[in-house]
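Single-letter residue listing:
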Amino acid sequence: MKKLLFLTVFAVFSLAVYTYSVSMQNKDLQNALSVQYAKNISDASSKLQELDIAVKKTLLFNQGEGDLQARENIWRLSSDIQQSVASLPLDQGFSTTWMNYLGRLGKFAKEGDERTEPAEFHKVMDRASENIENLSDQWSLATADMASGNLSMKDWQERLDSEKASFDWKGLSASIQQYTESDFPLTASESDALKKKQLKNIKDAPVTKEEALKKFKKLFPDVSKQVIDTTDSKPGASYPFYHIRFADQDSVGYIDITKKGGHILSFLTERPAGSGTMEMEQVRNKVELFLKDSGYTDVIFEEVRENDTAFHFVYTRLEPLHKAKVLSDTIQVKAAKQDGRILGLNAAEYIRKEKLEDQKMVRIDWETYFHKEVQISEQELVYVENMHGTQRLAYALTVTLNENGQVGTYVVLVDTETKEVIRTERQQ
Amino acid sequence: MNKLKRVVLIAFLIFVGVQLTLSNDALAFTDRGLSKGTKGDDVIELQARLQYVGFFDGKIDGVFGYQTYWALREFQEKYGMPVDGVAGSKTKKKLTSVSSYDKKFVMDNISKGREFTHYGGKPLSSQVKGGSTTPKKNTQMPPKYSEDDLKLLANAVYGESRGEPYEGQVAVAAVILNRIEHPDFPNTVGGVIFQPGAFTAVSDGQIWLTPNERAKEAVIDAMNGWDPSENAIYYFNPVTATSKWIWSRPQIKKIGLHIFCN
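So the sequence lines, in the order shown, correspond to chains A and B. Sequential numbering of the first sequence, starting at 1, is according to UniProt numbering. Sequential numbering of the second sequence, starting at 1, is according to UniProt numbering.
If you're looking for bench data, these hints aren't it; they were derived computationally from the structure. Don't take every hint at face value.
No farther apart than 25 Å at their CA atoms in a straight line, the calculated lysine to aspartate or glutamate pairs in the DMTMM-like style are these [unchecked claim]:
1) A:K260 with A:E190
2) A:K47 with B:D184
3) B:K244 with A:E385
4) B:K36 with A:E403
5) A:K419 with A:D358
6) B:K144 with A:E420
7) B:K59 with A:E303
8) B:K59 with A:D358
9) B:K36 with A:E281
10) B:K36 with A:E302
11) A:K200 with A:E420
12) B:K254 with A:D232
13) A:K353 with A:E319
14) A:K197 with B:D57
Every beta carbon over 12 Å from chain A, so not counted as near; a handful from chain B, in silico [as the list claims (entries may be wrong)]:
15) K5
16) K112
17) L124
18) S126
19) V128
20) D148
21) Q169
22) W208
23) T210
24) N237
25) K253
Positions of the beta carbon are idealized from the N, C-alpha and C atoms, including for glycine.
Given these sequences and hints, build the entire structure.
Pasting the structure below:
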């Protein structure tokens, strides 16, 4: 009996010690996390004040070199605050609107003088200055307890919970949203990009569900016999489409077809991988025949990537005037290595079709343009989006450079009119 | 004396055996043509042979990228062949005749993740650098993504949606990639995935489960442009979602158990 009592007391005591130790560990972890979050909040707060000052500094000058440093500071600080905000457990709505505002402010400050009239730039910064001051106050109020370490993680989570929130996160999000819309309305090219994303440029007549199904069956006869269901996109979609799911023998997949015009957005099927590999050229021929039969006749092969069970091919639309590749209008095709069967088609970018304009082409002396050790291997014309979201005609040069005994390959895109480097990409 | 003869005979047979094995290796190229974008053991052999004759200084990894392309063109030019950067049967035959390939040496070092080279004219044993690294899988992705991105995304996709249809897994990967391009979110894979409260799999630790090949393939498809979510930046499971805010987002479509929204 004594032994049993001893064992029971010992077990209870051990359990109590263990529970205490685990609870202490949890507390330590929570403290460490709170400290980390407090640090990030404190960083964001001090950088917000710096940002406020940097924005005010731009108001001292007319456009030009005078405020260059301040504008660069705005870009850097807004990017830093974005990073701090992204690493904090905040209200999701607040976090996204705040990230957006900071991103747009930084971008505007960096590119502002190239895109905006000096008086307009001044006006925007003036408004931004007032808004940031307000935000700074609100931010300090919202995070005061957390920044001073007076709030546990549990309390902080409760503060974020809309039911128990002691702070009006929703109101703050709405204010920021309002500031974003007033300070940084969409530019013409951003508005164009949005329209393109929403397929506003497609003027085709709507197709019925039956017509969409007919198209699917015509293009993919080997997988379209067993359609599981066809549903409409939900009202929140940027563009209306039909979502068709199928399961045929060993293949399961989907196809999305736009309601306007019945264009394929994407098609993807999953099936067990077979053994054996077909010659890549043979698979490519099959893919190109499929593209031709499907009506994609204005595309040209761009590149291919081989992986364990499939090849991923990329095709680019060819603009007829300059025979330039339109890098944003691409089609991706996934084909099985085993037998070249089409496993996927992605034409979402292709059907958006960029609006292209003719452009002056000046001669560029590449020998003086590049360093003497750079070798030019290939040159072609492409249309590519520049940093302002405008499609520009560019020379695409594949160049090589000796890098410590190895050949480094780059594709450099140079504007044919302004000679500006639009993009430089290192190739693998 | 007989014993000596036997020893000599055995040594001779071993020598012939080794030579035969090596000459078989020399003919180990597969029939298919190799060009930029291909990968596999035959590309490993191509790189090793090009290195043997001094044209290829890059890493032998089985991926036919630009380094291999330039080396092959240089080889074709040097041997008076049509310069197209494609290893067809004639190029492979020529390369085989002027080079040697120690398959065992190359494959052993690759599987053990060792740094090594395969130059001719110096002992192979002296071409292995000390230490070892984790062998990298030679997955081919668009240049803007790295092997680390693939790994992290596959972990997230597996942790978040392993019970979902393949389409749903590609859609989850696409949502993460859409966020990277979106101004409201961090602009790196890690930044998006580890944003506090963004993904349940991060909060409950399921992100650290080992992903299967299906999840990896779903990520590769998303990286190559497929987006079954149709530009969504959020998704949620209506049965388990606790946030009321998520219901306020404009919904696009439902795949499996997830609703995808803007």
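- Query: Which earlier hints can't be squared with this structure?
  - Reply: Violated hints: 3, 8, 11, 14, 21, 25; rest satisfied.
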